[in-house]
Amino acid sequence: MDELLRPTQHGLYCPAGDFFVDPSRPVHRAVVSHAHADHARWGCRSYLAAKPSEQLLRLRMNADATFHFLPYGEKETVGEVKISFHPAGHILGSSQIRIEHRGRVALVTGDYKLGDDPTCETWEPVDCDLLITESTFGLPIYRWEPSATIFASINQWWRESQAAEKCCVIYGYAVGKSQHLLAGLDPSIGPIFTHGAVEKANDAYRRSGVDLPETTHVGSVEGKPNWQGAMVVAVPSAHGTPWMRKFGRVSTAMASGWMAIRGNRRRRSVDRGFVLSDHVDWESLLKAVELCDPETVWVTHGSSAVVARYLNEQGRDAKVLDGQLRREGDEDESAKSEAES
Amino acid sequence: MIRFANLYGELDSTTKTNEKISAMANYFASVEPADAAWATYFLCGSKLRRLVPTKLLRKWAAEEAGIPDWLFDESYQSVGDLAETISLVVPPGEIRDDASLSSWVAERMHPLGKMEEPEQRQAVIEIWRQSSPAMRLVTMKLITGAFRIGVSKRLLTRAIASHSGIPTEAVAHRLMGDWEPTAEFYQRVIDDSVDATLPSQPYPFCLAHPLDPEEGPAPLGNVDQYLVEWKWDGIRGQVIRREDSTYIWSRGEELMENRWPEIESAGAQLPNGVVLDGEILAATVEGEVLPFAQLQRRIGRKKVGKKLLTEVPVVFHAFDLLECEGRDLRDQPLADRRAQLEEIVQQADHPNLRATELINNTSWDEFAKTRESSREHRAEGLMLKRKDAAYDVGRVKGTWWKWKTDPFTIDAVLIYAQKGHGRRASLFSDYTFALWQDGSLVPFAKAYSGLTDAEIRKVDRFIRQNTNDSFGPVRSVTPELVMEVAFEGLQRSSRHKSGVATRFPRIVRWRHDKQPDDANSLADLMEMMPD
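Residue numbers (my numbering), protein chains in the order written: chain V, 5 to 345; chain E, 399 to 929.
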């Protein structure tokens, strides 16, 4: 299988096509699963990605690079291999990358989730021989609730905070999580404001045709509005900064899969933690493996050792990829939040 | 039970005192007295005796979740809390009924302790299948005796006071000592019409505030306004003489029966209606205080043998008088209480009961010198108490100050690390430190506290990048980080590789300026050893 993909210091390399998949350093040719910084490295000479990620990638990558975008499902020949992109359900434009060489198929999931998310296309299984899967939440302690349930409790918190004359501030990563959140908020409760980084990504989403509720950039607000009862969507790094002062009495919340663990909730020192993730949980990871039905699985980025061991015990050939890839891969928030933020 | 689980959730999700108090007050107002009694019991930190071995709970949880044992253990390592791991790993159940907290305890928890294993397994799994993850977290914490929540007894007392209208001090007093969590008990706590104290009931302890060592006692004002005595390193206790019986209570509100026969015999010499506050010290009747290590030999012994009684005698060093002739004296100024205390101790005339020695100096500077000699006296420093102050409940600022000696400190190298628990689960935050001996590093102390969250994250990253070996959850790391470790005392120990045990080790600062070679040696540590 190594002639198809090879772990290197710069990330997964495909010798038959001479490109890197989600490189960890600037390279000549990058094939990119989605626009998060730990997958789309700034400074590459050329990027190949799925069409729906165009707005986000152009927003975040160096302008002097060459970009090439492919619609989902369309095959393109690169060197001796055929590449195509398939929805991963993680954020807008996120893809699983299918690489075919002499009848063998490798699939790199990038980051993915199986649930419904109106801001991006839903994950779909792809038959493959080699599956390279992320395992950020690859432990049976992670079990996501249906998004309707999660959003019901977020909107409930908004109503209660409004009744207590507070302003809600919810933290999520600027690209992806924030828009997933926005799509689930009930705009009939009150006005929605956004942090600058969030609003930039909102623009890219809207330009791509994603329907989001009306939002106002906090920085563009003039005068002294009444923030009571409003919802502010902000990046996690804004927590505890002077920027927060203007909102007066606030109730704060963090939206992340890590909030499933009480210790993480407490360490964040936010009032509420909502378990809203854009990654697969334990059950859906196993389901994805079953549906793609690969001969071999390489597990990366997270609880890779645990997932690989479990899959092996279930009779599937699986191994850990992290040791060979230069990526800060550990099961824990400290590594993750920096990588994803 | 749903309501109690919600209360737990509310308390857990806020750090604000007022929100905690109002969450508890609302709960107390909305439940039956029997439930309020059990909630009070658990929130006080009292536990059910262990009902099911945790080993079995782990096994059943893995079976119920359909995962191998090793995977459950991995999950536990990541979460850092058994009850929480169970609540997350086991598939969510369906809530069947909303039985009350007290009926849960009586019908679903207590009986577990008497069951055989298969029956027990069935009952536990039934609990899991009939509870949401939030409820399961709380029930498992209760069953494993790991129920802890960031609520002090003081906050709980204020919540009960606010919902019942009984003064806080009265509630605090009624919650002291041994009581059974029954509806009658709770009704007595919130009943304004009766004097609800029992003969054995102790008073809430007054606690001292640490004095800022940089600032010293100068800001406290005139030296004449204070009584000064040694701060002893023993066991804080209350000796109660009422209705011809003697009760000795620890600060942890444990009734210590048959543990201190010398003090019980001294108590028998006191008139009825007397309560003394003081320190149990290992000491000869001539007054020489023995090292804490000696007292430790008696701590935890339920029955004390003759040999130990001769080798390690104890003396109650009384420093306050809370009740005399059955009257509560706590409102009187300390100077008056002290005068009466001395009189009572003198009249009792028993070798194992003394009043603490007062130290008389005319300036804070002189006291500073006295404090420096604390270790020679086997004291931890000085206590400064306002002469005109009443006996407060809890840690009220401004009346009692502890002015401790500077701790011992030593520069040591971090060699092992382990993930923490609770707030620090999944971060490497528990460290083992080592000192040099003949060119190798010998572990001598474990320390958990002292670094900021930001520093912990940095150390965490270092550990992940510099792990050389793992033994179970313990990582062995490249010896590079040097930290200044402080501790209160030292004693020889055959159980430690280094041959020394330290008391209360903690990190003072991260010595970025030092290389591992600059760290201290075990010989340096040995030099600090008293005696």
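A couple of the hints might just be wrong.
As a list, the in silico DSSO-like pairs of lysine-lysine whose alpha-carbon atoms are at most 30 Å apart [unchecked claim]:
1) E:K700 with V:K291
2) V:K323 with E:K414
3) E:K700 with E:K453
4) V:K86 with V:K323
5) V:K250 with E:K785
6) E:K414 with V:K228
None of these hints come from the bench; they were simulated from the model.
Structure-based check of each hint:
1. Our distance criterion of 30 Å between C-alpha atoms is broken by K700 (chain E) and K291 (chain V), whose separation comes to about 57 Å.
2. Using a Cα cut-off of 30 Å, the hinted pair K323 (chain V) and K414 (chain E) is violated, with the two alpha carbons roughly 47 Å apart.
3. Distance restraint check for K700 (chain E) and K453 (chain E): the Cα-Cα separation of roughly 28 Å lies within the 30 Å cut-off, and the hinted pair is therefore satisfied.
4. For the hint linking K86 (chain V) to K323 (chain V), the alpha-carbon distance of about 25 Å falls within 30 Å, and the restraint holds.
5. Annotation: proposed proximity of K250 (chain V) to K785 (chain E) is violated, straight-line Cα distance about 48 Å (limit 30 Å).
6. Only pairs whose Cα atoms come within 30 Å are accepted, and K414 (chain E) paired with K228 (chain V) is accepted, the gap being roughly 28 Å.
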